[in-house]
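Student: Sequence:
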Amino acid sequence: MNAKPSPAAPDVVLAAVDLYWIPLGAGGHSVRFNGQVFEAIDAARRRRRRRDLYHAAIVVQLDGDRYTIEVAPSPDADSASRGVVGTGAVGSRHLGALRVFRYEIRRWRNGSIPDLGAAVGGPRRLTTDPEVARRLLGLVAEVPRPVWGRDELKAGEMWNSNSVGAWLISSAGLAADGLRPPPRGRAPGWHAGLEVARRDRTHARRSQSRAAGLIRMAPPGQCESVAARATRSSSDAPQRQDLA
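Straight run, no breaks: the sequence shown in the UniProt record's numbering ends on number 244.
If you're looking for bench data, these hints aren't it; they were derived computationally from the structure. For clarity, every value in this text was computed on a predicted model and none was experimentally measured. Yeah, the Cβ is synthetic: ideal placement off N, Cα and C, and Gly gets one too. Among the clues, some could well be false.
[To be verified] What follows is a set of in silico ranges between Cβ atoms, one per label pair, in the way DEER data are often shown:
#1 Ala141 x Asp78: 16 to 22 Å
#2 Val100 x Glu142: 22 to 28 Å
#3 Val84 x Asp115: 17 to 23 Å
[As the list claims (entries may be wrong)] Subject to a maximum C-alpha distance of 20 Å in a straight line, what follows is the list of computed DMTMM-like cross-link-like pairs (lysine to aspartate or glutamate):
#4 Lys154 x Asp129
#5 Lys154 x Asp200
#6 Lys154 x Glu131
#7 Lys154 x Glu142
Could you build the full structure based on these sequences and the hints that come with them?
Tutor: Dropping the structure here:
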(Lines of atoms letter the chains of each structure in order from A and count residues from 1; the text may use other names and numbers.)
(Lines give C-alpha, C1' and ligand atoms only; values in the text may rest on other atoms or scores of the structure.)
Protein backbone atom coordinates (compact mmCIF):
# COMPACT_ATOMS: atom_id res chain seq x y z
CA MET A 1 0.00 0.00 0.00
CA ASN A 2 1.29 3.41 -0.90
CA ALA A 3 1.74 5.78 1.98
CA LYS A 4 -0.39 8.88 1.91
CA PRO A 5 1.58 12.06 1.35
CA SER A 6 1.92 14.10 4.51
CA PRO A 7 0.30 17.52 4.48
CA ALA A 8 2.61 20.36 3.60
CA ALA A 9 4.14 21.95 6.63
CA PRO A 10 3.18 25.58 7.18
CA ASP A 11 5.78 28.18 6.35
CA VAL A 12 7.97 28.79 9.36
CA VAL A 13 9.63 32.18 9.69
CA LEU A 14 13.08 31.64 11.16
CA ALA A 15 13.93 35.33 11.18
CA ALA A 16 12.27 38.56 10.11
CA VAL A 17 12.46 42.30 10.64
CA ASP A 18 9.16 44.11 10.09
CA LEU A 19 8.49 47.85 10.07
CA TYR A 20 5.07 49.21 11.05
CA TRP A 21 3.68 52.70 10.44
CA ILE A 22 1.22 53.47 13.23
CA PRO A 23 -0.91 56.64 13.01
CA LEU A 24 0.22 59.00 15.75
CA GLY A 25 -2.16 58.78 18.67
CA ALA A 26 -4.12 55.86 17.22
CA GLY A 27 -5.34 54.92 20.68
CA GLY A 28 -5.21 58.23 22.52
CA HIS A 29 -7.16 61.41 21.80
CA SER A 30 -4.69 63.74 23.56
CA VAL A 31 -1.67 62.42 21.64
CA ARG A 32 -3.56 62.65 18.37
CA PHE A 33 -4.73 66.20 19.14
CA ASN A 34 -1.24 67.37 20.13
CA GLY A 35 0.14 65.83 16.94
CA GLN A 36 -2.43 67.64 14.86
CA VAL A 37 -1.53 70.94 16.50
CA PHE A 38 2.18 70.32 15.90
CA GLU A 39 1.56 69.44 12.25
CA ALA A 40 -0.68 72.47 11.72
CA ILE A 41 1.99 74.82 13.08
CA ASP A 42 4.80 73.18 11.11
CA ALA A 43 2.76 73.14 7.90
CA ALA A 44 1.90 76.83 8.28
CA ARG A 45 5.50 77.74 9.01
CA ARG A 46 6.76 75.85 5.95
CA ARG A 47 3.77 76.85 3.80
CA ARG A 48 2.82 73.31 2.85
CA ARG A 49 -0.22 71.11 3.14
CA ARG A 50 -0.91 69.27 6.36
CA ARG A 51 -0.10 65.58 6.41
CA ASP A 52 -0.91 62.60 8.59
CA LEU A 53 1.73 61.84 11.22
CA TYR A 54 3.09 58.34 11.83
CA HIS A 55 5.05 56.57 14.54
CA ALA A 56 7.46 53.84 13.45
CA ALA A 57 7.69 50.54 15.34
CA ILE A 58 9.83 47.48 14.65
CA VAL A 59 9.11 43.82 15.32
CA VAL A 60 11.89 41.22 15.06
CA GLN A 61 11.40 37.45 14.93
CA LEU A 62 14.45 35.35 15.75
CA ASP A 63 15.11 31.89 17.20
CA GLY A 64 11.43 31.32 17.92
CA ASP A 65 10.99 34.57 19.84
CA ARG A 66 9.30 37.81 18.88
CA TYR A 67 10.82 41.12 19.96
CA THR A 68 8.98 44.43 19.90
CA ILE A 69 11.16 47.52 19.59
CA GLU A 70 9.84 50.99 20.26
CA VAL A 71 10.24 54.18 22.25
CA ALA A 72 7.55 54.87 24.85
CA PRO A 73 6.92 56.84 28.06
CA SER A 74 8.21 55.29 31.26
CA PRO A 75 5.14 54.27 33.30
CA ASP A 76 6.82 52.74 36.36
CA ALA A 77 10.06 51.38 37.80
CA ASP A 78 9.51 47.81 36.59
CA SER A 79 11.56 48.36 33.44
CA ALA A 80 12.83 44.78 33.24
CA SER A 81 9.32 43.49 32.58
CA ARG A 82 9.20 45.61 29.41
CA GLY A 83 12.68 44.84 28.11
CA VAL A 84 13.96 48.38 28.65
CA VAL A 85 17.59 48.80 27.52
CA GLY A 86 17.94 52.55 27.96
CA THR A 87 16.18 55.76 28.95
CA GLY A 88 16.37 59.41 28.01
CA ALA A 89 14.89 62.77 28.94
CA VAL A 90 11.91 64.47 27.34
CA GLY A 91 12.10 68.20 26.63
CA SER A 92 15.07 68.92 28.91
CA ARG A 93 17.81 66.70 30.29
CA HIS A 94 17.26 68.19 33.75
CA LEU A 95 13.63 67.08 33.71
CA GLY A 96 14.70 63.51 32.95
CA ALA A 97 15.10 62.84 36.67
CA LEU A 98 11.30 62.86 36.86
CA ARG A 99 9.64 59.78 35.41
CA VAL A 100 6.92 61.80 33.71
CA PHE A 101 9.64 63.46 31.61
CA ARG A 102 11.45 60.25 30.72
CA TYR A 103 11.25 57.94 27.72
CA GLU A 104 12.45 54.37 27.49
CA ILE A 105 13.82 52.28 24.64
CA ARG A 106 12.36 48.78 24.68
CA ARG A 107 13.61 45.52 23.23
CA TRP A 108 10.77 43.48 24.63
CA ARG A 109 10.96 39.74 24.16
CA ASN A 110 7.48 38.42 23.36
CA GLY A 111 6.17 41.86 24.25
CA SER A 112 3.45 44.00 22.75
CA ILE A 113 3.04 47.39 21.12
CA PRO A 114 -0.21 49.28 21.70
CA ASP A 115 -2.14 49.97 18.50
CA LEU A 116 0.08 47.74 16.37
CA GLY A 117 -3.10 46.48 14.75
CA ALA A 118 -3.84 50.03 13.60
CA ALA A 119 -0.67 50.18 11.49
CA VAL A 120 -1.50 51.37 7.99
CA GLY A 121 -0.61 48.82 5.34
CA GLY A 122 0.36 46.17 7.89
CA PRO A 123 3.98 45.07 8.37
CA ARG A 124 6.62 45.92 5.82
CA ARG A 125 9.17 43.11 5.79
CA LEU A 126 12.71 44.45 5.60
CA THR A 127 14.67 41.19 5.74
CA THR A 128 14.54 37.51 6.65
CA ASP A 129 18.29 37.25 7.20
CA PRO A 130 18.98 35.90 10.73
CA GLU A 131 22.35 37.67 10.94
CA VAL A 132 20.79 41.04 10.17
CA ALA A 133 17.96 40.43 12.63
CA ARG A 134 20.46 39.51 15.34
CA ARG A 135 22.60 42.54 14.53
CA LEU A 136 19.63 44.88 14.79
CA LEU A 137 18.62 43.42 18.15
CA GLY A 138 22.14 43.94 19.43
CA LEU A 139 22.13 47.56 18.32
CA VAL A 140 19.07 48.51 20.34
CA ALA A 141 21.16 49.01 23.48
CA GLU A 142 23.49 51.32 21.51
CA VAL A 143 20.83 53.71 20.21
CA PRO A 144 21.67 57.39 20.83
CA ARG A 145 19.63 58.84 23.68
CA PRO A 146 19.56 62.62 23.36
CA VAL A 147 16.72 64.70 24.75
CA TRP A 148 13.47 63.74 23.03
CA GLY A 149 11.87 66.52 21.01
CA ARG A 150 15.08 68.52 20.50
CA ASP A 151 17.84 68.56 17.90
CA GLU A 152 20.83 68.23 20.21
CA LEU A 153 22.68 66.04 17.70
CA LYS A 154 22.41 68.76 15.03
CA ALA A 155 20.77 66.36 12.60
CA GLY A 156 18.33 68.87 11.13
CA GLU A 157 15.21 67.92 13.07
CA MET A 158 14.13 66.82 16.51
CA TRP A 159 15.01 63.38 17.85
CA ASN A 160 12.11 61.05 18.64
CA SER A 161 10.88 57.47 18.25
CA ASN A 162 11.08 57.67 14.46
CA SER A 163 14.73 58.66 14.75
CA VAL A 164 15.41 55.53 16.78
CA GLY A 165 13.74 53.30 14.19
CA ALA A 166 15.61 54.90 11.30
CA TRP A 167 18.94 54.69 13.14
CA LEU A 168 18.45 51.01 13.92
CA ILE A 169 17.43 50.03 10.40
CA SER A 170 20.26 51.96 8.78
CA SER A 171 22.91 50.90 11.31
CA ALA A 172 21.93 47.24 10.86
CA GLY A 173 22.82 47.55 7.18
CA LEU A 174 19.30 47.64 5.78
CA ALA A 175 18.24 50.07 3.06
CA ALA A 176 16.44 52.81 4.96
CA ASP A 177 16.62 55.78 2.59
CA GLY A 178 13.76 54.47 0.45
CA LEU A 179 11.41 53.75 3.34
CA ARG A 180 8.47 56.14 3.50
CA PRO A 181 5.30 56.39 5.58
CA PRO A 182 1.97 55.79 3.81
CA PRO A 183 0.78 58.27 1.15
CA ARG A 184 0.08 61.78 2.45
CA GLY A 185 1.92 60.81 5.62
CA ARG A 186 4.96 62.16 7.43
CA ALA A 187 7.29 60.71 10.06
CA PRO A 188 9.00 63.58 11.90
CA GLY A 189 12.45 62.63 13.18
CA TRP A 190 13.05 59.88 10.62
CA HIS A 191 15.74 61.75 8.72
CA ALA A 192 17.50 62.66 11.97
CA GLY A 193 18.04 58.96 12.64
CA LEU A 194 19.38 58.40 9.12
CA GLU A 195 21.76 61.35 9.44
CA VAL A 196 23.21 60.23 12.78
CA ALA A 197 23.63 56.65 11.48
CA ARG A 198 25.47 58.03 8.44
CA ARG A 199 27.82 60.00 10.70
CA ASP A 200 28.48 56.92 12.81
CA ARG A 201 29.43 54.90 9.73
CA THR A 202 31.72 57.66 8.48
CA HIS A 203 33.46 57.87 11.85
CA ALA A 204 33.89 54.08 11.97
CA ARG A 205 35.41 53.99 8.48
CA ARG A 206 37.85 56.78 9.33
CA SER A 207 38.86 55.05 12.55
CA GLN A 208 39.46 51.76 10.72
CA SER A 209 41.48 53.51 8.02
CA ARG A 210 43.60 55.29 10.62
CA ALA A 211 44.22 52.07 12.54
CA ALA A 212 45.21 50.25 9.34
CA GLY A 213 47.65 53.02 8.45
CA LEU A 214 49.28 52.94 11.88
CA ILE A 215 49.64 49.16 11.73
CA ARG A 216 51.34 49.35 8.33
CA MET A 217 53.88 51.83 9.69
CA ALA A 218 54.48 49.99 12.95
CA PRO A 219 57.89 48.35 13.55
CA PRO A 220 57.94 44.55 13.37
CA GLY A 221 56.55 42.93 16.49
CA GLN A 222 54.58 46.00 17.59
CA CYS A 223 51.53 45.70 15.34
CA GLU A 224 49.27 44.34 18.07
CA SER A 225 50.09 47.08 20.58
CA VAL A 226 49.70 49.78 17.93
CA ALA A 227 46.34 48.35 16.89
CA ALA A 228 45.19 48.34 20.53
CA ARG A 229 46.21 51.99 20.99
CA ALA A 230 44.45 52.97 17.76
CA THR A 231 41.28 51.22 18.91
CA ARG A 232 41.35 53.00 22.27
CA SER A 233 41.99 56.32 20.57
CA SER A 234 39.05 55.91 18.20
CA SER A 235 36.72 54.91 21.04
CA ASP A 236 37.79 57.97 23.05
CA ALA A 237 37.30 60.36 20.15
CA PRO A 238 34.39 62.83 20.35
CA GLN A 239 31.28 61.16 19.06
CA ARG A 240 27.54 61.73 19.31
CA GLN A 241 26.28 63.04 22.61
CA ASP A 242 24.13 60.56 24.53
CA LEU A 243 22.25 62.61 27.06
CA ALA A 244 20.20 60.04 28.91
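Student: Honestly, which of those hints from before does the structure not fit?
Tutor: Going through the list in order, the structure violates hints 4, 6 and respects the others.
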